[in-house]
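Enquirer: Top to bottom, those sequences are chains A and B. Mapping of the first sequence onto numbering that gives the first Met the number 0: residues 0 to 465, in sequence order. Mapping of the second sequence onto numbering that gives the first Met the number 0: residues 0 to 40, in sequence order.
Calculated from the structure, these hints are not laboratory results. Keep in mind that this is a model prediction, so the values were computed, not measured. Think of the CB as a built atom: it goes at the ideal place given N, C-alpha and C, for glycine as much as any other residue. Don't take each hint at face value.
Taking CB as the label site, the calculated pair distances span [unchecked claim]:
(1) Gln12(B) <-> Thr51(A): 46 to 54 Å
(2) Glu42(A) <-> Leu18(B): 32 to 40 Å
(3) Ala409(A) <-> Met14(B): 50 to 58 Å
(4) Ser184(A) <-> Lys33(B): 19 to 27 Å
(5) Lys441(A) <-> Met26(B): 28 to 36 Å
(6) Met36(B) <-> Val271(A): 15 to 23 Å
(7) Gln12(B) <-> Trp175(A): 27 to 35 Å
(8) Ile22(B) <-> Glu42(A): 24 to 32 Å
(9) Met14(B) <-> Val271(A): 42 to 50 Å
(10) Lys33(B) <-> Leu198(A): 20 to 28 Å
Only some residues are given here: those of chain A computed to face chain B with a beta carbon under 10 Å [what the hints assert, rightly or not]:
(11) Pro21
(12) Ala170
(13) Ala183
(14) Thr209
(15) Thr282
(16) Phe289
Only pairs whose alpha carbons sit at most 30 Å apart, straight line, appear in this in silico DSSO-like list of lysine-lysine [stated by the list, open to error]:
(17) Lys87(A) <-> Lys7(B)
(18) Lys181(A) <-> Lys7(B)
(19) Lys278(A) <-> Lys33(B)
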Amino acid sequence: MSGFFAKSRIIAQPGYSRWLAPPAALSVHLCIGQAYAFSVFNEPLTRVLGVTAPAPEDWKLTTLGWIFSLAIAFLGVSAAFGGKWLEKVGPRLTMCVAACCFGGGFWIAALGVYLHEIWLLYLGYGVIGGIGLGLGYVSPVSTLIKWFPDRRGMATGMAIMGFGGGAMIGAPLAVWLMDLFKSASSVGVMETFLLMGGLYFLSMMIGALTIRIPPHDWQPEGWTPPKLENKMITQNHVHIDQALKTPQFYVLWLVLCLNVTAGVGVLGQASVMIQEMFKGRVTPAAAAGFVGLLSLFNMGGRFFWSSASDYLGRKTTYFVFFVVGAGLYALVPSMGQMGNMALFVLLYALIMSMYGGGFSTIPAYLADIFGTRYVGGIHGRLLTAWSTAGVLGPVLVNYIREFQIGQGIAKAEAYNVTMYIMAGLLVLGFICHALIRPVHEKHHMKHDEFDELDGVFPRVEEGEAK
Amino acid sequence: MTQAEHRKTPVWQVMLFWLYVTIPLAMGVTQTLKKAMALFG
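With the rest of the complex left out, here is chain B (with noise of 0.2 Å):
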């Protein structure tokens, strides 16, 4: 079977796979800065 005749992964499986673990870290990130907002007063 030639590279050609394989399936390639569809964008969107990659997609959701990165919103899968960007969703939560950007979760994270807001709840971090929020604190950091603190310091500025």
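Just chain A, with the same shape it has in the complex (with noise of 0.2 Å):
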């Protein structure tokens, strides 16, 4: 590829500070970060023909679930698929693409919105916002880690908590901008989703201009590549086809989803739990502060243990999420049962970090096992395993307390199973994760040249920097 978006045009020149790389990234997840906070919308778009109140003809809210659903989806099958693409063109065409896809997927959203036509929902959000999401997501990824090489895991941790503060931003603004915009005849939602794709579609092109790669073999300055201490840090290249062979990708695969699967579970009934073990002492004003207390542990986790992770190890640091994890699932009942809510906050919220440092950790690991070449293309793909434990999870944890309900049960000690199982899948993610070996020298790449061979991405030489 030639032109304004080729990746010869984006190798950085000499004295270009890297530090510019991160937020450029952040750039990007804070925006696509607002998907987590989509449920602010739900109950506006339930009166959007009634305004004052839902309307016979307005969409209920189970209609509208599908949304959200559909834009998880989507990330997944559009980071899986759009990674090997990503490595081929490089970040700044695919966070162009990114911006385009999430900020039109507002627009059209917002058509839908005017006509009332909820395919448009589906189809501008849901579909196009979902593969803007899932490019946007892994589009600076193998950038940072080639940036910093020292620090792979701050690097990234610094990205990825974008993601997790980006609803943050997203909710309260979706708020304030409904309210200004809402009046007699309207509830503000199509202004909103109007003006939320403009910014964030302004947003996310500022980090696609103003991202830089690293020219090859840089190094930062000072610096050299540690020797071969560490068995689990590869010097070599896994092609990005090639890691579907080995046996670490399917494990390291099945680790992040058994580590999202049980995060996500205990997330989604955060508000419910705290409200009906602790019943009388927690207003739903509270309950939804306990969620923003979470979300902000979330976020924080991600940059404190991928950036923990650069002195502990990686292999490490997952074992501290699965061993310390599944301690303090098994803790959540008891502290329940003694009403301590102060130790049932701090043990929910340590969790909730670890759920963050998974995803954020994920990464470097990736560099760590496959070696940094084609990791963004490696970590697209693996995030069909967030996609797989998003459905899981909720499912598990309704079903879970549904049949303890049924069987008799207390609502309030119907969450005790459930959390004794979600601690198991820790035990099992443990297991899986001691299994981690480095990969076999005959995936590793052989040459330089490889690239040539196959065709698809064309080596960048300096000289074509401009």
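Two chains, each in its own frame: build the complex with the hints.
Expert: Next comes the structure, spelled out in structure tokens:
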């Protein structure tokens, strides 16, 4: 590819500060993280026609729930399929397409609200917006790892923390805009969609236009790659397609899936759980505050744990998630029975920090295992584990809870078994994780010209840099 | 052209870019913390 979007056009000139790369990545991740706050639109969308109260022809919450589900499903699909394309074209074009999809998705959804056609919301925010989410999520990851070979975990943690923090910006912004635009004839959602689509498009484009990739074989000043002391950090590279032929990919897929299943399952019911376990002590407003606090720990954990993994090692960090995490899950019911709300909140917050940490540590883990060259694409494919867990977690938790209540167990106690089963999932994750070994050398790329051989990833010469 | 002859990214440019992403994030975090206060009365 040549021209403005060519990879060769975004190779950094000497003197470029690598510290410009994380905010460029954050410009994208803080936008797409808005997806976690989509639920703020649900209630106003149920009264688009009735305005003050839902009219009979208005959309039902169950109908609207599919918008978010579609977006997450297409996030996984586009990350899996777009990853290879990302490695070919580079982060600028990928981020531009992500900006067009995410911003454009909002605009199509706005048209859907205007025409009151639900399929336009499914197509706009769900399908097209979801593709923007997936491409935006994976686009800066390999670039950051290449800029920060000395602190891979911290670098990816910064970007992925943005995805966790995006909802904290998106939710209040959406509520404020809907209040601003609402009138006697409108709930203000259409106008909010239009404006937010524009703002997100611009912000993501700023990231796309400022991102730069390091020159071939670039290294931070004064840093030399550590000698091969740790067998779990390879100096070789595994091709994106070859990675799928290694057992390590599938074990890491399971590790991520189990960690996320447990986290997403309890996160979804956090609000109801605290209200039922501490009946009379926690109001709905306080429960909403609890969920907000968990989001903060989820976000902070993304940065903290991935940065810590640079020092602890990726394997040790995941062992902490599984061993300490399983213990914390198992302790939550006891805290509920003891009526100790402060400890209950603390345990839950720590669990959420590890849930976030699982997401943000995985790209650096992949770079350690498979090398840095195709880590963006491999990460994209691994994210199907997230989509799977996104469905599995809530279904599992809701099914267990309903079964318990059906057996005549009190609502407040119905969560106990759920938490023990989630702890069990983490034990399973621990066993899977213990099986991870370095990739066999037969999977390593043999020489630098490999890219030219398959004709997919042409090498970029420094002389072409603009 | 040697590396030294290339213009280094000015620090203010790096700081400005960081402020651009951290200010809205800090505002979001503050809002969330305010909500979370309801949990502790």
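Enquirer: All hints, please: hold or fail.
Expert: Here is how each hint holds up against the structure:
1. Gln12(B) <-> Thr51(A): 46 to 54 Å: With a Cβ separation near 49 Å, Gln12(B) and Thr51(A) satisfy 46 to 54 Å, so the hint holds.
2. Glu42(A) <-> Leu18(B): 32 to 40 Å: holds, 34 Å
3. Ala409(A) <-> Met14(B): 50 to 58 Å: At 55 Å between Cβs, range holds.
4. Ser184(A) <-> Lys33(B): 19 to 27 Å: violated, 32 Å
5. Lys441(A) <-> Met26(B): 28 to 36 Å: Since Lys441(A) and Met26(B) have Cβ atoms about 52 Å apart, the given range 28 to 36 Å is violated.
6. Met36(B) <-> Val271(A): 15 to 23 Å: About 21 Å separates the Cβ atoms of Met36(B) and Val271(A), which means 15 to 23 Å holds.
7. Gln12(B) <-> Trp175(A): 27 to 35 Å: holds, 30 Å
8. Ile22(B) <-> Glu42(A): 24 to 32 Å: Taking Cβ atoms as reference, Ile22(B) and Glu42(A) lie about 29 Å apart, which means the hint holds.
9. Met14(B) <-> Val271(A): 42 to 50 Å: holds, 43 Å
10. Lys33(B) <-> Leu198(A): 20 to 28 Å: holds, 23 Å
11. Pro21: holds, 8 Å
12. Ala170: holds, 8 Å
13. Ala183: violated, 28 Å
14. Thr209: With a closest approach of 7 Å, the Thr209(A) hint holds.
15. Thr282: holds, 7 Å
16. Phe289: holds, 5 Å
17. Lys87(A) <-> Lys7(B): holds, 29 Å
18. Lys181(A) <-> Lys7(B): violated, 48 Å
19. Lys278(A) <-> Lys33(B): holds, 23 Å
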